[in-house]
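Produce the entire structure from the sequences given, and follow the hints as far as they go.
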Amino acid sequence: MKIDVITLFPDFFTSGLQSGLLGKALANHIATVNLINPRDFAPDKHHRVDDIPYGGGVGMVLKPEPIFAAVNSVPRLPSTQVILLTPQGSPLTQNTLQDLTTNYQQLILICGHYEGVDERIRYLADREISLGDFVLTCGEIPALALINGVVRLLPGTVGKVESLKAESFEDGLLDYPQYTRPAVFQDWQVPEVLRSGNHQLIAQWRRDEQIKRTQQRRPDLWEKFEERSQESK
Numbered sequence: 001m002k003i004d005v006i007t008l009f010p011d012f013f014t015s016g017l018q019s020g021l022l023g024k025a026l027a028n029h030i031a032t033v034n035l036i037n038p039r040d041f042a043p044d045k046h047h048r049v050d051d052i053p054y055g056g057g058v059g060m061v062l063k064p065e066p067i068f069a070a071v072n073s074v075p076r077l078p079s080t081q082v083i084l085l086t087p088q089g090s091p092l093t094q095n096t097l098q099d100l101t102t103n104y105q106q107l108i109l110i111c112g113h114y115e116g117v118d119e120r121i122r123y124l125a126d127r128e129i130s131l132g133d134f135v136l137t138c139g140e141i142p143a144l145a146l147i148n149g150v151v152r153l154l155p156g157t158v159g160k161v162e163s164l165k166a167e168s169f170e171d172g173l174l175d176y177p178q179y180t181r182p183a184v185f186q187d188w189q190v191p192e193v194l195r196s197g198n199h200q201l202i203a204q205w206r207r208d209e210q211i212k213r214t215q216q217r218r219p220d221l222w223e224k225f226e227e228r229s230q231e232s233k
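For the sequence shown, position 173 (counting from the first letter as 1) is numbered 173 according to the working numbering, and the numbering increases by one without interruption.
Possibly wrong hints are sitting among the right ones.
Below 30 Å or equal to it, Euclidean Cα-Cα: the simulated DSSO-like pairs (lysine-lysine) are [stated by the list, open to error]: (1) Lys63 <-> Lys45; (2) Lys2 <-> Lys24; (3) Lys63 <-> Lys2; (4) Lys45 <-> Lys24; (5) Lys224 <-> Lys212.
Distance ranges between label pairs, derived from CB positions [to be verified]: (6) Asn103 <-> Asn198: 36 to 42 Å; (7) His199 <-> Gln18: 36 to 42 Å; (8) Ile211 <-> Pro53: 45 to 51 Å; (9) Ile211 <-> Val135: 31 to 37 Å; (10) Pro75 <-> Glu119: 24 to 30 Å; (11) Arg122 <-> Leu154: 27 to 33 Å.
Derived from the structure by calculation, the hints contain no laboratory data.
The beta carbon of each residue, even a glycine, is placed where N, CA and C say it ideally should be.
What follows is the structure, encoded as structure tokens:
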């Protein structure tokens, strides 16, 4: 997987791309991340990338020329998806990450900033993605989250592939509770079933806990899960 990020702040990614499993995956060339600064493509001598909005208003808007030039400078693989990170996009989900990982060789991520981007920049994007119904100071935060989510699904990033199949959202339910030693901590005990050694009972307990937790915490997910279950019958 090749990931190209159009960002005004390449330094933002320094720590995130070097840490944990993501850092190991990039070091092992499971994926590559290239950072492209649109300031390098600004046509004026001051390398200006923003300007005041037409019609008035507070804040500055990213100009189209540097962003278009930066995106167009990126060599394309046969299967490429250009993504604009914006609060107006579709919410990022596990299904989205699976789709990007499975169906594309290359992702080009455009990080918005300031009050937003010139509307014409949207014509560059194949899709727009948001982390949720809230506003952040920059598109670098959702871009890093998307990179992390995509790369961890690539073969070789996570040691045990089975761990990817039994976690939150993979089958439409939240994950079950996890415990480790000690068996008792501050009067909280690990459920007896998990210490029983009966794998069938453990599997049933975990499934029941997934259902209960999803019903309690995310009734919206539970409703969708039930709908899918009915359709599959």
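Against the structure, the hints:
| no. | hint | result |
| --- | --- | --- |
| 1 | Lys63 <-> Lys45 | holds (15 Å) |
| 2 | Lys2 <-> Lys24 | holds (15 Å) |
| 3 | Lys63 <-> Lys2 | holds (26 Å) |
| 4 | Lys45 <-> Lys24 | violated (39 Å) |
| 5 | Lys224 <-> Lys212 | holds (15 Å) |
| 6 | Asn103 <-> Asn198: 36 to 42 Å | holds (40 Å) |
| 7 | His199 <-> Gln18: 36 to 42 Å | holds (38 Å) |
| 8 | Ile211 <-> Pro53: 45 to 51 Å | holds (49 Å) |
| 9 | Ile211 <-> Val135: 31 to 37 Å | holds (34 Å) |
| 10 | Pro75 <-> Glu119: 24 to 30 Å | holds (27 Å) |
| 11 | Arg122 <-> Leu154: 27 to 33 Å | holds (28 Å) |
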